[in-house]
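Protein chains: 2
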Amino acid sequence: MRFSLSATDGLARRGQLALPNGTVDTPAFMPVGTYGAVKTVTPEEVAACGAQIILGNTFHLMLRPGADIVRRLGGLHRFMHWTGPMLTDSGGFQVWSLTERRRLTEEGVEFQAPTDGSKVFLSPERAMEVQADLGADIQMVFDECTDFPATLDEARASMELSVRWAERSRQRFDALAGTDSGHALFGIVQGGMYPELRSASAAALKAMDFPGLAIGGLSVGEPESDRLAVLEHTVPLLPAERPRYLMGVGTPADIVKAVARGVDMFDCVMPTRNARNGHLFTSAGVVRIRNARYREDDRPLDASCSCYTCQHYSRAYLRHLHQARETLGARLNTLHNLHHYQQLMAGIRAAIEAKDFAGFAARELLRQEQGVADMQ
Amino acid sequence: MRFSLSATDGLARRGQLALPNGTVDTPAFMPVGTYGAVKTVTPEEVAACGAQIILGNTFHLMLRPGADIVRRLGGLHRFMHWTGPMLTDSGGFQVWSLTERRRLTEEGVEFQAPTDGSKVFLSPERAMEVQADLGADIQMVFDECTDFPATLDEARASMELSVRWAERSRQRFDALAGTDSGHALFGIVQGGMYPELRSASAAALKAMDFPGLAIGGLSVGEPESDRLAVLEHTVPLLPAERPRYLMGVGTPADIVKAVARGVDMFDCVMPTRNARNGHLFTSAGVVRIRNARYREDDRPLDASCSCYTCQHYSRAYLRHLHQARETLGARLNTLHNLHHYQQLMAGIRAAIEAKDFAGFAARELLRQEQGVADMQ
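These protein sequence lines map, in sequence, to chains S and Y.
So the first sequence is numbered by the numbering used here: it starts at 1 and just counts up by one.
So the second sequence is numbered by the numbering used here: it starts at 1 and just counts up by one.
Any given hint might turn out to be false.
[What the hints assert, rightly or not] Listed next, the stretches of chain Y that the computed footprint assigns to chain S, with coverage defined by at least 3 CB atoms under 8 Å from CB atoms of chain S:
id, segment
1, 72–79
2, 153–161
3, 294–305
For the record, the hints were derived by calculation from the structure and aren't laboratory data.
Beta carbons: idealized from backbone N, C-alpha and C, even for Gly.
So here's chain S without its partners, still in its complex pose (with noise of 0.2 Å):
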């Protein structure tokens, strides 16, 4: 893996991330392939909007279809007819946000898998097995999200039971890939919205010398009062020269809020979820595609945009389609959000290459709000 810096504009960086699979563009958002598909499209289509990258669930795939699986199938980049980067998160925020019953202890975590009701275990040297298994070009160290709101003394006995694991991680990461496999793996800085916390977790990270370090345990419930403090706070502390990562964010917002405090790399179920809920991402704002003002609304989702949806259908049609549960719906809205989530990558990658950040993200940032306003 190698990451180069072409531009940067105040904190905002442009920069390109060459993997083994490909080379991403930074800022970067990562649609996401929760079970090995990013739901109701195919990879050919998830490129032409525009995404070099995508993310799998270490999680998912493990309870379904399993990983030996997919392994044996020759890993998630064949099993699922996606080429170019890939990259795989750990599991361990699904394990906090998703299981019940779970044990908690230094070895890892046991928990009941939601699909069936067994019992599974994850532990850092088990989480860098399955996604060695799956075979991403970008591999994520096993961590444990720190619940919000929690105690200082909770904060840190999380944060620090995660420095522990991404080591340990690290070290069966080594020891399955061997250092010149190509594939990287990333570090995730925790400590909750303690800013202390978060030096402490960062500096044992950077000792560790991973190649890429996230910010995780945020988009948990926080104010964003707090997410933009703890980001101020953390991302100075990250080694310049190598990717950042805000994991699980956000809106079109947030990121643009993100870049500005120097993160590269975005992943979030918002495009594609909201898309399947008829909650639509426009260059006025958000459309709630179910609402009856477009019954018989004739023009497209969004005059400004290129992507297949707005070429060739109407806001009445795809009301139409939402109303009848008609999953060709979910599908175009999906092509829609995913477009229009690259092109906001694509303009902020612009805007920071024309030294024009700051001017981009204030009409943005208007715009989103006014569109907001004029549409609901």
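Fit chain Y to the given chain S structure using the hints.
For chain Y alone, coordinates are given in the frame of chain S:
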């Protein structure tokens, strides 16, 4: 509308049907787009599978989004972005199969809408008005589907009502369209399983000079031998120079057998609905993709198939998507089944041209029977 026959082989016919929005090679299979969408797939994908004409459902579209809305949005072609030929049914079959608390009178039928429980009235006149709003190339008379089983008296009364409704449909269609609109109205032969009633129905409809005739009231639960007997009796009663459409049929074997008896056009939800249920048609018979035997099966669904699904995905992946209820699976399955049906139709047409239809039919039926035995 112009219909011309370019070859025949026994009773099987190879023709071309020229319609306002394009030309259809017959024998033809029409994928069903119930709610203004062939479920899960785009019009471009439907066309890429080889389909030249699709079917829209009057019953569903009048309930959702409403025919008046479709008309104001430019008609069904524009609404759903399908530019080729299209046929709409009249709603008669759906009233019969999908509604409860029907009240049937000479005037028409009142029923409870399955969408919202409201009372809806359909008559020959109303069915023509709705279809005029939708604007398909071929429209169908409003008929009453005869119950199965039915006594001779019941079947006669039902057939005679359908004949009177056909006359009223014709009058309203002509008044709405003018005779030079280029759109065509087809009659529907009814009469249940009684040859003498089929004869009477066909004679009455022939006298009304419809440009095409359909055979309705089959695939309603009757044994295959009854269906084939009705076909063998009825088809020779239809004008040789006009297209013959067998409504709602069927499996690949059903289609081959009906072509052998002189049928030119088909529609059925089977390729699309079965796809969503993981029931896949292949050159070696049916694959039920949920079967555990496919869990690690790295082969394409059908090695001899050139569809997008078979070119890029394994049975194991399709099984995984099915088990995980990913709608991409329903979509990939639909693409395959539609392609399979259209390849069957292309094979049928080529065999008729080559005067080899009997051989083709024998090989196809044998292969399907053997394949089912092999794979289940």
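Each hint tested on the structure:
1. Residues of the segment 72–79 of chain Y with a Cβ under 8 Å from some Cβ of chain S number 4, which satisfies the need for three, so the listed coverage holds.
2. Counting residues of the segment 153–161 of chain Y whose CB lies closer than 8 Å to any CB of chain S gives 0, which falls below the minimum of 3, so the coverage claim is violated.
3. Counting residues of the segment 294–305 of chain Y whose CB lies closer than 8 Å to any CB of chain S gives 3, so the stated coverage by that chain holds, three being the minimum.
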